[in-house]
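Undergrad: Each chain is listed here by its residues.
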Amino acid sequence: MPDAPLDALLAATGGAARPATGADAIAGVPARYVASPGSVAAAAAAVRVAAEHGLALVARGAGTKQGWGGPPRRLDLVLDTTRLTGVVEHEAGDLIAVVRAGTPVAELGAKLAAAGQQLALDLPLPGATVGGTVAVSTSGPRRLHYGTARDLLIGIQLVRPDGVLVRAGGKVVKNVAGYDLGKLLTGSYGTLGLIVECAFRLHPLPAATAVLRRHVHGPVEAGRLVAAVRAAQVVPSAVELDAPAGAEIELAVLLEGVPAGVTDRAAATARLLGVETVVGTAVPDWWAGYPWPAGGVGIKLTAALSGVPAVLAAAAAAPERHGVAVAVRGSAGAGVLYAGLPAGTGLAATIAVLADLRAATAGAGGHAVVLTAPPLLRDAVDLWGPIAGLDLMRRVKQQFDPDARFAPGRFVGGI
Amino acid sequence: MPTPTPSTMDNVPAGSAASTVDSPAVSTVDKTGAVIARLAARLRAELGTAQVISDRQELRTYECDGLAQYRVIPALVVLPRTGVECAATVRACAAAGVPFVARGSGTGLSGGALPHAEGVLIVTSRLRDIVEVAPDDERAVLEPGVINLAVTTAATPYGYYYAPDPSSQQICSIGGNVAENSGGAHCLKYGFTTNHVLGAEIVTPEGDLLRLGGRAPDAPGYDLLGAFVGSEGTLGIAVEVTVRLVRLPETVRTLLAGFPGTDAAGAATSAIIGAGVVPAAVEMMDALAIEAAEAAVHCGYPAGAGAVLIVELDGPAAEVDAQFEQVEALCRANGAGEIRIAADPAERALIWRGRKSAFAAVGRISPDYLVQDGVIPRTALPRVLRRIAEISAERGVRVANVFHAGDGNLHPLVLFDAAVPGQAAAAEETSAAILALCIEAGGSITGEHGVGVDKMKYMPDMYSTDDLTTMQLLRCAFDPAGLANPGKLFPTPRLCGEAPGRRGPHPLAGAGLAEVF
Chain U
1 MPDAPLDALL AATGGAARPA TGADAIAGVP ARYVASPGSV AAAAAAVRVA AEHGLALVAR
61 GAGTKQGWGG PPRRLDLVLD TTRLTGVVEH EAGDLIAVVR AGTPVAELGA KLAAAGQQLA
121 LDLPLPGATV GGTVAVSTSG PRRLHYGTAR DLLIGIQLVR PDGVLVRAGG KVVKNVAGYD
181 LGKLLTGSYG TLGLIVECAF RLHPLPAATA VLRRHVHGPV EAGRLVAAVR AAQVVPSAVE
241 LDAPAGAEIE LAVLLEGVPA GVTDRAAATA RLLGVETVVG TAVPDWWAGY PWPAGGVGIK
301 LTAALSGVPA VLAAAAAAPE RHGVAVAVRG SAGAGVLYAG LPAGTGLAAT IAVLADLRAA
361 TAGAGGHAVV LTAPPLLRDA VDLWGPIAGL DLMRRVKQQF DPDARFAPGR FVGGI
Chain L
1001 MPTPTPSTMD NVPAGSAAST VDSPAVSTVD KTGAVIARLA ARLRAELGTA QVISDRQELR
1061 TYECDGLAQY RVIPALVVLP RTGVECAATV RACAAAGVPF VARGSGTGLS GGALPHAEGV
1121 LIVTSRLRDI VEVAPDDERA VLEPGVINLA VTTAATPYGY YYAPDPSSQQ ICSIGGNVAE
1181 NSGGAHCLKY GFTTNHVLGA EIVTPEGDLL RLGGRAPDAP GYDLLGAFVG SEGTLGIAVE
1241 VTVRLVRLPE TVRTLLAGFP GTDAAGAATS AIIGAGVVPA AVEMMDALAI EAAEAAVHCG
1301 YPAGAGAVLI VELDGPAAEV DAQFEQVEAL CRANGAGEIR IAADPAERAL IWRGRKSAFA
1361 AVGRISPDYL VQDGVIPRTA LPRVLRRIAE ISAERGVRVA NVFHAGDGNL HPLVLFDAAV
1421 PGQAAAAEET SAAILALCIE AGGSITGEHG VGVDKMKYMP DMYSTDDLTT MQLLRCAFDP
1481 AGLANPGKLF PTPRLCGEAP GRRGPHPLAG AGLAEVF
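If you're matching them up, the sequences are chains U and L in order. Residue 1 is where the first sequence starts when you use our numbering, and the numbers rise one by one after that. Residue 1001 is where the second sequence starts when you use our numbering, and the numbers rise one by one after that.
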């Protein structure tokens, strides 16, 4: 039986399209087709086919975050970017790189390291691609010093839902010509278009690093020490903590710089943190990883810096209040933490813990967003919480994707 | 230092949107006059008589911003005292279908705050409260009329400062900084306004108050705040801004190095960046710019230098000391003659005085000048500077070069005498040729001054029609009626289809400026 969309996708991608299998389901929703364009032009052609045939699509890189956000409301096409790879340009003298979206971030990192440079983005989920990292805006410990994808992205090329290839920004770090659509696309969960190429500003790899670690006794002491490090002149690249359920909190501070400077700053930081401090060069094994197990619930918690202890305290109270062991980890020095609930946590308990965390983060000017959860929980809890400006966001979506074919339902408010 | 206002430049052929909107048909004027009169009455009732200016002479004081060759007298000026009053003003404009333009201190250099002849100019200078300085959160909450430098002044007692430092920082406002995504000499290390704004309360073009972002990072949903910053007043007006405060550095060290020419200074810059040093600032001036600065402020730059480089490092003392030695050695290795190291804050200020006065100083050696703002990849610096020199020689137009060498942001100053026939046009052409050079080198038509009215015509040289149309999708989401600062940023405004609740002809269509999209 002829399959017109598949034939068109095969033509658009030079044969790189196929019927979907069960393994291609996104968040449990089966797809009909998979297209794997090998070039930017083929990606645009595939999206045009989707537009012509009214296909709903979800972009997939390495697939590390397919369980994040809501399940797609409808799904016809998985647009696989893993053949859309390669560093298009690395101009070391300009500290910039242009890279195709399907390139694994780690692969880019290896190329840049050869020139003593880096894309200063931590990778909480190994294997993640550039496109997926930008589309979901994941970040890690060093965001404190380098910022996040929105701060490092200087140009973007995307395929609009109608199949038109456009770009915004450029490949120079300083540029205020036109709207910064790169920021709009960063963290948009694939709902506004297909990211095909990104230009980033780079940083030099540090010549020396030091890692200082110590255990602390509870949220108040953690907050006090984090504040002391932030207020000192040691310029940390990261101030992290790990609070496993039912165990002591560990603090870890990363310093980067020239050898003489790092030695000096490590000594100053050790004085602030106290005699229990261990100074080394290796980051702890929990570094830059999320604190939830497979099948658990992952929640992102944000807070003003002064509100971090209150958020930690709310998580620490969960076993007593709701019988749930909540592990917390993250960038205490930047006001971004992640909470993990064990696999098998029930719906009522999840909702109760989430309510406590939402109250605590709201009190600290932040949010509690469920990044990932098992299907039964995901369908029953409010993943995003209150969203300021949702009406305007819907209008943005309406302008870019009037037929709601790009990752429908994956994002805030069912966008 | 205050932003220099280019002196008498009325004779420069503008070819701008301003001249188009300045001469509407007579019947439109009468109709507009009645609409504006009703709007003025409503605003006087809602805000008070003193907040609304309609006297022609008073209106004239607002006819231009820092780019004085474009002048338009607004139909009405409103001076809201609160965010709520600002929202009321925008709501009244929206109801009447009248365009509005926001203005902070009016120091912008691209005509972004140029008034609309049939519109309302909303001036934020009375929204001048520092709402809160919260060092524990490393945040400050500000009204949009707060002066940039005042934020640092307020935060310094706590050991913090506000990093973005446009050269107009003594008089420019935070609201204007947000609209333009302002940079400054130190954005090489610290980033631009957009990297330092965590939250804002905005008035949407329909007059609604809306909070975007906040004191905590990563608000869920689209990064509308990221899109808003730098949108040049076309997506609404910020009435409260939450910014990041940065810890004052332990040490700041500054050196001034004289080089035989810009090639050597450029090579030194590349060597410093290539060595993995991230200076707080790297600034370059060429011989003509040095001559002007000397004449104006006697900054004592090395005599006979073909170029000077100012390199500033800041941070922890041990870190800065080690890298400062490296920078000094790299300058010498690349041909630096005299190197002067600031021994104290006074000497540091002296080094910076020459650089910061450069724009105004050029007024001493030339009756008139144009300030250009283009960006090139840093590695293209020697090639582009040689080409600028050739363009200058070919056209017989003098060009002084002052720029942020670290990030490739050029500010060529094109000198001319408007009293001499043909010179203004030659200067304009030279300036345009330099911009074309920036685009060809893979750079940008503006690094920090914005597009405004001045550079709309160059947008199609940098972006395709599809690129520009896509940007305007965002515009249509925020401002379907096209009332927020129309006639700026985009050379070909697109209409957004039927806007709900809007009455009368679309202002852009009425002015013959737009086609229906």
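The reader is advised that the hints may include incorrect statements.
[What the hints assert, rightly or not] Just so you have them, the derived chain U footprint on chain L, three or more residues with Cβ under 8 Å: (1) 1038-1044; (2) 1053-1060; (3) 1215-1224; (4) 1229-1238; (5) 1293-1306; (6) 1333-1345; (7) 1407-1418.
[Said to hold, decoys possible] Stretches of chain L that chain U covers, calculated by requiring three or more beta carbons in the stretch to come under 8 Å of a beta carbon on chain U: (8) 1145-1151; (9) 1372-1383; (10) 1395-1404; (11) 1449-1455.
I should point out that these hints are in silico values taken from the structure, not numbers from a laboratory. For every residue, glycine included, the Cβ atom is placed at its ideal position computed from N, Cα and C.
Undergrad: Now tell me if each hint is right for this structure.
TA: Do the hints match the structure? See the list:
Residues of the segment 1038-1044 of chain L lying with their CB closer than 8 Å to a CB of chain U number 0, which falls below the three-residue condition for coverage. For the segment 1053-1060 of chain L, the stated coverage by chain U is not satisfied: 0 residues place a CB nearer than 8 Å to a CB of that chain, which falls below the threshold of 3. Coverage of the segment 1215-1224 of chain L by chain U holds in this model, with 10 residues showing a Cβ closer than 8 Å to a Cβ of that chain against a need of three. Check on the segment 1229-1238 of chain L: 3 of its residues sit with their Cβ under 8 Å from a Cβ of chain U, so the three-residue criterion for coverage holds.
Check result for the segment 1293-1306 of chain L against chain U: violated, 0 residues qualifying (beta carbon to beta carbon below 8 Å, three or more required). Only residues whose C-beta sits within less than 8 Å of a C-beta in chain U count toward coverage, and the segment 1333-1345 of chain L has 0 of them, not enough to reach three; the restraint is violated. For the segment 1407-1418 of chain L, the proposed coverage by chain U is satisfied: 3 residues have a C-beta within less than 8 Å of a C-beta in that chain, meeting the threshold of three. Restraint check on the segment 1145-1151 of chain L versus chain U: 0 residues with Cβ-Cβ distances below 8 Å, three needed, restraint violated.
Residues of the segment 1372-1383 of chain L with a Cβ under 8 Å from some Cβ of chain U number 5, which satisfies the need for three, so the listed coverage holds. Counting residues of the segment 1395-1404 of chain L whose beta-carbon sits less than 8 Å from any beta-carbon of chain U gives 1, not enough to reach three: the coverage restraint is violated. Here's how the segment 1449-1455 of chain L fares: 4 of its residues keep a CB closer than 8 Å to some CB of chain U, so the rule of at least three is met and the hint holds.
Hints 1, 2, 5, 6, 8, 10 from the list above are not met by this structure, while the remaining hints are.
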